[in-house]
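With the hints as your guide, set chain S onto chain V.
Now for the letters of each chain:
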Amino acid sequence: MAVVKWTMAQFLFEADLQGLLKLDTPIPNAPPARWQRKAKESGPGPSPLGVSPMKPANRSHSSSKTPSKTPGKSGSKIQSTPTRAGGDRYIPNRSTMQMDMASFLLTKENDPAEESPTKKEQQKAWAVNLNGFDVEEAKILRLSGKPQYAPEGYQNNLKVLYSQKMTPGSSRKNSRYVPSMPDRILDAPEIRNDYYLNLIDWSSRNFLAVALDNSVYLWNDVSGEIIQLLQIEHPDVYVSSLSWIKEGNYLAVGTSNAEVQLWDVQQQKRLRNMTSHCARVGSLSWNSYILSSGARTGHIHHHDVRVAEHHVATLAGHTQEVCGLEWSLDGRYLASGGNDNLVNVWPCAQGGSGDISPVQTFTQHQGAVKAVAWCPWQMNVLATGGGTSDRHIRIWNVCSGACLSSVDAHSQVCSILWSTNYKEFISGHGFAQNQLVIWKYPSMTKIAELQGHTARILNLTMSPDGTTVASAAADETLRLWRCFEMDPIKKKEKEKANSAKPSIIHQSIR
Amino acid sequence: MAQNQLGREHQGITLRGSAELVAEFFSYGINSILYQRGIYPPETFTRVQKYGLTLLVTTDSELTNYLNNVTEQMKEWLYKCIVQRLVVVISSIENNEVLERWQFDIECDKTAKDDNGPREKSQKAIQDEIRSVIRQITATVTFLPLLESACAFDLLIYTDKDLAVPEKWEESGPQFITNSEEVRLRSFTTTIHKVNTMVAYKRDSVP
Numbered sequence: 001m002a003v004v005k006w007t008m009a010q011f012l013f014e015a016d017l018q019g020l021l022k023l024d025t026p027i028p029n030a031p032p033a034r035w036q037r038k039a040k041e042s043g044p045g046p047s048p049l050g051v052s053p054m055k056p057a058n059r060s061h062s063s064s065k066t067p068s069k070t071p072g073k074s075g076s077k078i079q080s081t082p083t084r085a086g087g088d089r090y091i092p093n094r095s096t097m098q099m100d101m102a103s104f105l106l107t108k109e110n111d112p113a114e115e116s117p118t119k120k121e122q123q124k125a126w127a128v129n130l131n132g133f134d135v136e137e138a139k140i141l142r143l144s145g146k147p148q149y150a151p152e153g154y155q156n157n158l159k160v161l162y163s164q165k166m167t168p169g170s171s172r173k174n175s176r177y178v179p180s181m182p183d184r185i186l187d188a189p190e191i192r193n194d195y196y197l198n199l200i201d202w203s204s205r206n207f208l209a210v211a212l213d214n215s216v217y218l219w220n221d222v223s224g225e226i227i228q229l230l231q232i233e234h235p236d237v238y239v240s241s242l243s244w245i246k247e248g249n250y251l252a253v254g255t256s257n258a259e260v261q262l263w264d265v266q267q268q269k270r271l272r273n274m275t276s277h278c279a280r281v282g283s284l285s286w287n288s289y290i291l292s293s294g295a296r297t298g299h300i301h302h303h304d305v306r307v308a309e310h311h312v313a314t315l316a317g318h319t320q321e322v323c324g325l326e327w328s329l330d331g332r333y334l335a336s337g338g339n340d341n342l343v344n345v346w347p348c349a350q351g352g353s354g355d356i357s358p359v360q361t362f363t364q365h366q367g368a369v370k371a372v373a374w375c376p377w378q379m380n381v382l383a384t385g386g387g388t389s390d391r392h393i394r395i396w397n398v399c400s401g402a403c404l405s406s407v408d409a410h411s412q413v414c415s416i417l418w419s420t421n422y423k424e425f426i427s428g429h430g431f432a433q434n435q436l437v438i439w440k441y442p443s444m445t446k447i448a449e450l451q452g453h454t455a456r457i458l459n460l461t462m463s464p465d466g467t468t469v470a471s472a473a474a475d476e477t478l479r480l481w482r483c484f485e486m487d488p489i490k491k492k493e494k495e496k497a498n499s500a501k502p503s504i505i506h507q508s509i510r
Numbered sequence: 001m002a003q004n005q006l007g008r009e010h011q012g013i014t015l016r017g018s019a020e021l022v023a024e025f026f027s028y029g030i031n032s033i034l035y036q037r038g039i040y041p042p043e044t045f046t047r048v049q050k051y052g053l054t055l056l057v058t059t060d061s062e063l064t065n066y067l068n069n070v071t072e073q074m075k076e077w078l079y080k081c082i083v084q085r086l087v088v089v090i091s092s093i094e095n096n097e098v099l100e101r102w103q104f105d106i107e108c109d110k111t112a113k114d115d116n117g118p119r120e121k122s123q124k125a126i127q128d129e130i131r132s133v134i135r136q137i138t139a140t141v142t143f144l145p146l147l148e149s150a151c152a153f154d155l156l157i158y159t160d161k162d163l164a165v166p167e168k169w170e171e172s173g174p175q176f177i178t179n180s181e182e183v184r185l186r187s188f189t190t191t192i193h194k195v196n197t198m199v200a201y202k203r204d205s206v207p
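For the protein sequence lines, the chains are V and S, in the order given. Under the UniProt record's numbering, think of the first position of the first sequence as 1, with each following residue one higher. Under the UniProt record's numbering, think of the first position of the second sequence as 1, with each following residue one higher.
Because the hints were derived from the structure by calculation, they are not lab data. Quick reminder that beta carbons are idealized off the backbone N, C-alpha and C, glycines included. Hints are not guaranteed to be accurate.
[To be verified] Chain S side only, calculated, beta carbon under 8 angstroms to chain V, not exhaustive:
(1) Glu120
(2) Gln123
(3) Leu155
(4) Glu170
(5) Gly173
Pulled out of the complex, with its shape left as it was, chain V reads as follows:
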């Protein structure tokens, strides 16, 4: 059952704070902690007095002391694992304890001499050790009056959220046909299942670049050929982000050892290796000749790839990993989303005087924001999606700072892409359905749901003609969905409107 699997996979004793911050990666199962094993083998220890979590009836029997002494008789000892913050924490095994406590209570009046003063001192010392303060001396109070209950008939909606099998489809008939099966499925072995990375990108010359652990492969949609562009030789270093330059001949590669590399795809050669970060580079975005990179430290660096001193600016607006990064299509704003749940919108400021601060900061998301996408047909409109703790998609106007709309997607949002062919956008999700959802904008109604992935989707990218969306997922596949296929008539009109733009960069990069 889906619910059981989820809880099983997620529950674990984890005292490591770093691990706690990484919300969206799976927690591997660990062997039972030392305290667990000890508790099993040696039985009773300090126990709360006469408490099953029952209400007033029990409390009248308990004294005002919370006991920390183990029963003096019966030879049981206090467990010898002293508590330290974050280390082995002794957790009493209550079911066995109650009996000993009960017998202790019944008989303690008969032989008070049992406890020598030194033993008392020792036990007191252990009590302070274990509890952090002298629990003997503490009183536990509870605000009386019943704790407030939620209104009748209220069902904890998280249960619905995490156990739903199918979201109810939109009631309106789809006005266009969206194929429910992917056009093509590609194998992506060893793809890293890390929410915070951006491992696929599709170039304007129709090459889909995919990072599989420490290698980058290029797949051509038309010819079907696969090229291995690079493989990092450094042991344990992996590729953490990819981004094609607009012209499609250079690929920026971010690595886990804080490098930003620039590769010439035609010659399959590395042109530059730009080091300025001190932690892995999880996100990249191009604005003409400026490449912006976001790192695990929360810093965003601007690199001018034409000059030797490439690091031209630093934006410090996040305190945790920058996982979403995108320049607006007109190059005026840079939107960044981080693991600190913030979305920052930065201006394209020229000149290096002073610190650049964001023109907007959005704090409404309750989870990491990796999905960041600018609307191609409306200026200053930005879509963002939150991680597991948030699950909402929000649309913003970055000039006014207003949240234009917000919708609960019921699932971790990893990526959002706006369609250039229709007034729609598509979002990629994780647990429980690992689906892609196409939404109509601005009505925010679901048009279609594309199922097929058997593990959470990690990234989405769109083909240069705007008809196909590629999704990379933790199930080690890439699926290509032909969901934005244009009507042939409309297509002709669109092609007339487009014109080839000259590229400046060709002559500049050495």
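Showing chain S alone in chain V's frame:
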């Protein structure tokens, strides 16, 4: 104790200011827990800006009153440095089984009671620390087991033994969880009060 003002950035942290900060944190922290764990319907919560975050607080008047009582009492006890722990117990309504237990340990620097000058720590630094803790509370939803049945919550406060029990409060047991898993979250300190956060939840008996 003559100082009655809330510690401001340029003035440093006073004992009273620290007590207010911590009590306020508890108020928002408890609201966040109630929202994230789904104890109350999410529609009954509204968004407010605090600590540079968007937090959710309840609009239910009864609940607000209940929490305000606790906050006010906590302020006083924190000021007197006689409270050691605040616990939010989440238990199932049907069988009263404790499913989750949020424990906030408070370490109070008792020397602050003497009439020393205010401590040096900027409000901003404290806010940043509090923000991290609240974010972690929000993030716990990724690993805490689902609360399947309808739940109610209870607030327990560990105080010094010789404290006179005020009106509206009664004595209680600690309401531990049988067979629990524990996770320790970040802590924050105002230099006078240090708060450690920890959540314990019922370990599933699923193989």
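Hint-by-hint comparison with the structure:
Checking Glu120/S against chain V: minimum C-beta separation of about 22 angstroms lies over 8 angstroms; hint violated. The closest approach between the C-beta of Gln123/S and any C-beta of chain V is roughly 17 angstroms, which is over the 8 angstroms cut-off, so the hint fails. For Leu155/S, the interface hint holds, since its Cβ comes within 8 angstroms of a Cβ in chain V; the closest pair sits about 6 angstroms apart. The beta carbon of Glu170/S comes within 5 angstroms of a beta carbon in chain V, closer than 8 angstroms, and the hint placing it at the interface holds.
Taking 8 angstroms as the C-beta contact cut-off toward chain V, the hint placing Gly173/S at the interface holds, the least distance being around 3 angstroms.
In the structure shown, a violation is registered for the earlier hints numbered 1, 2, in ascending order.
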